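Chain B: place on chain A using the hints.
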Amino acid sequence: MKLVGKLLKYIVIAIGLFITLGPFYWMVVGATNSSGSLLSVPPNLIPGNQLLVNFRNLVDNIDIFQALWNSTIITVTFTLVAGLISAAAGYAFAKYKFKGRDPLFAMLLVSMMIPYQALIIPQFELFANFGILNSYSAIILPQLAYPFAIFLMRQSMKSIPNSIMESARIDGCGEYRMFFQISLPMMLPAIGAVSIFLFTHQWNNFLWPLVAIVTEDMYTLPIVLSILGGQDNLDYGQLMLAATISVLPIFIMFLFLQRYFIAGIASGAVKE
Amino acid sequence: MSNPALQEKTKPFKKGRKGPKSQVGMAPYVFIAPAIILFLLFTGYPIVYSLVLSFTTNEAGVNVFAAFENYLRLFQDSLFYEALFNTFIILIVQVPIMTMMAVILANVLHSGIHRFKGVLRVAFFTPTVTSLVAAAIIFLLILNQDFGIMNYMLTSFGIERIPWLNDPFWAKVSLIMVTIWRWTGYNMIIILAGLQVIPKDLYEAASIDGAGPLKKFFSITLPQLKPVLLFAVVMSTIGTFQLFDEAFNLTGGGPINATTTVTLYLYENGFEYFDFGYASAIAYVVVVIIAILSFIQFKVAGDRE
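Just so you know, the sequences run in chain order A and B.
Offset between the first sequence (1-based) and our numbering: plus 81.
Offset between the second sequence (1-based) and our numbering: plus 582.
These are calculated hints, taken from the structure and not from any lab test.
Values in this document were obtained by computation on a predicted structure and should not be read as measured data.
Be careful, since some hints might not be right.
Calculated pairs, SDA-like style, for lysine to any residue (alpha carbon to alpha carbon, straight line, at most 25 angstroms) [to be verified]: (1) A/87 x B/783; (2) A/87 x B/798; (3) B/754 x B/660; (4) A/87 x B/698.
Chain A extracted, bound-state conformation (with noise of 0.2 angstroms):
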C-alpha cells in the first residue's frame, strides 16, 4: 500500500515535469534547428546546429538588440521606483495608524479587482493629451503605484518588531532615518521577494506597451515576439529564437532568487 502511494506520487511528478518543461525544451531545440526540420515528422527533437543562421535571420528581420534594450531599461527603472515606491507605502500601512488609512488600503484592494483592460483606454488618452504617448514614461508610469506590490510589501512590513521602533524613537531616531536605515534593511528579502514579482509582471507587460507603442525602435521583446508570431510565413526558428531571447534573462535571474520569489508569492496568500 505503502509502495503503491510512493510509486503513484513519482508518476504524478514524471507527468507534471514533462508537461511544464517539455515545452521550454522543445523552444531551446527548435532555436538551433531551421524551420524545416522543425515542421518534420516525426519531430526532430535533437538539437540542430542552426543557431547562428536563425540568429542572422532574426536580426535581419527584426531589431531585436534594441527590443532587448527597450525591455531592460524599462524593467529596471520600473523595478527600483515600484519597489521604493510600494515599500514606503507597505510600511506605512503595516506600521502606523493615520487617519484614513484603512479606507485609503480598502481602494487599493478593490481596484485590485478592476480588469486593467478597463483602465487602458483613459490611460491611452491621458498620455496622448500629455504628448508622451510611445515613450519609456508612458510604459513606467501607470503602474508604478502597483496595488498587488503595496499589499505584498505590507503583509511582509508587519513584521518588524514594535519594539526596535519603540527602542530607536527613544534613542532620538527620526521617522525617515528609520525608516530607511533600520526597517529598509531588515526588510530586504521581502522587498527583494515583491521586487522579482514586479520585475517579471513589467518584463512580461504586454498589453499596455501594444496600446502604447507606436514607433519600432519603442518595441519591447513581448511585442516583437507577438510580431513574429503574426508574420505570413513563419518562420519557426526564428520564433523559438526569439521566444528563447525573451525567457532566458527572466529564467537566469528565477533560478538565482527563486526562493525569494516564491516567498513574495506565497505571502499575499497566507496571512500571518
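Relative to chain A, chain B alone:
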C-alpha cells in the same frame, strides 16, 4: 490631483499604539503620498473616467453624451454574448482543473518528496515566469495541426490528428490548455504555502484516531486550506476575465470568434474601431460581473469568517 491624505495636515495626529505622538508627525502621509498620488492619477482617475466614457459616443471626433446607448447596444450585441460565453466556458473548465492539479501537485511535493523538493518547486513554477506571449508562441508550434509535436504524439497512439487551432471547439481547448500550463505552478506555490501553516498536531491527533491518508486529506487538509483556496480561486477568476495575451497571440480570437474573450472584444472595439465609449461599457459590465462572482465565491467559501 487633490490628495485626501495630505489634506489631513492641519488636524492633530492620532497617536500610534504606544509611541510618543509628537515624533511620528507627518511621516506616514509622506510615505504613502507617492503611491496614492500615482494611484489616483493613473488608476483612480481612469476608473472614473472610463465610467463617464461608457455613457458617451463619438460623433465626428467629439464625445457626446449618449445616456445608456452603449449599454443597450451591448445587450443586443450577439458578438458580446459570444465573448462572454467563451470567457465563462474557459472559467468553468479551466479554474477547477487548474486548482485541482495545483492541489495534487502541492500535496505530493509537501508530503512525499524530500530530496528534490526545492528543485521540483522551481521546475513547476517556471511557466509562471514565462511571458504569456512567449507561451502562446511556443504552443503555436506545438499545436500545429500538420507538423505539431502534440498531434505527432497522438497519431503514434493511433489517435487522429486534431485541428487544435483551426476548429472552434479545439481552439477553446487549446486556449484552456495553455492557460492551465501557465498558471498551475503559481497556484501550486500558493497552496504549498497554505499547507505549510497547517498545524502538525491536527494530523497527529487524526493518526491516533486511526484516520487514513484520504480521510486526513478531506477532513483536515481541505478545510484548513479553505482561505488559501478561496484566494486562489478569486484571483484565477479575475485573471480569466482579463485573459488577453494568450488569445490574442495564439488564436487571434478565432476561428469564427470561438476564442474571442471579453477583453479581446474590448480591445478590438477600443483600439481597432476606436469606439472608446462602447469599449468602456464592456469594461464596466466586466467589472460588475467580477464583483458579483467574487462576492458569490466569498459567500460560498468564506461562511466562517
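Proposed proximity, residue 698 of chain B with residue 87 of chain A (alpha carbon, max 25 angstroms):
Given that 25 angstroms is the threshold and the Cα spacing comes to 14 angstroms, the pair holds.
So if I understand the rule, the pair passes when the alpha-carbon distance is 25 angstroms or less; does residue 87 of chain A with residue 783 of chain B pass?
At roughly 23 angstroms apart (the allowed maximum being 25 angstroms), residue 783 of chain B and residue 87 of chain A satisfy the hint.
Taking 25 angstroms as the top limit, are the C-alpha atoms of residue 87 of chain A and residue 798 of chain B close enough?
With a Cα-Cα distance of about 17 angstroms, the restraint between residue 87 of chain A and residue 798 of chain B holds, given a limit of 25 angstroms.
Agreement of residue 754 of chain B and residue 660 of chain B with the hint, judged by alpha carbon distance not exceeding 25 angstroms
holds, 18 angstroms
Going through the hint list in order, the structure satisfies each hint without exception.
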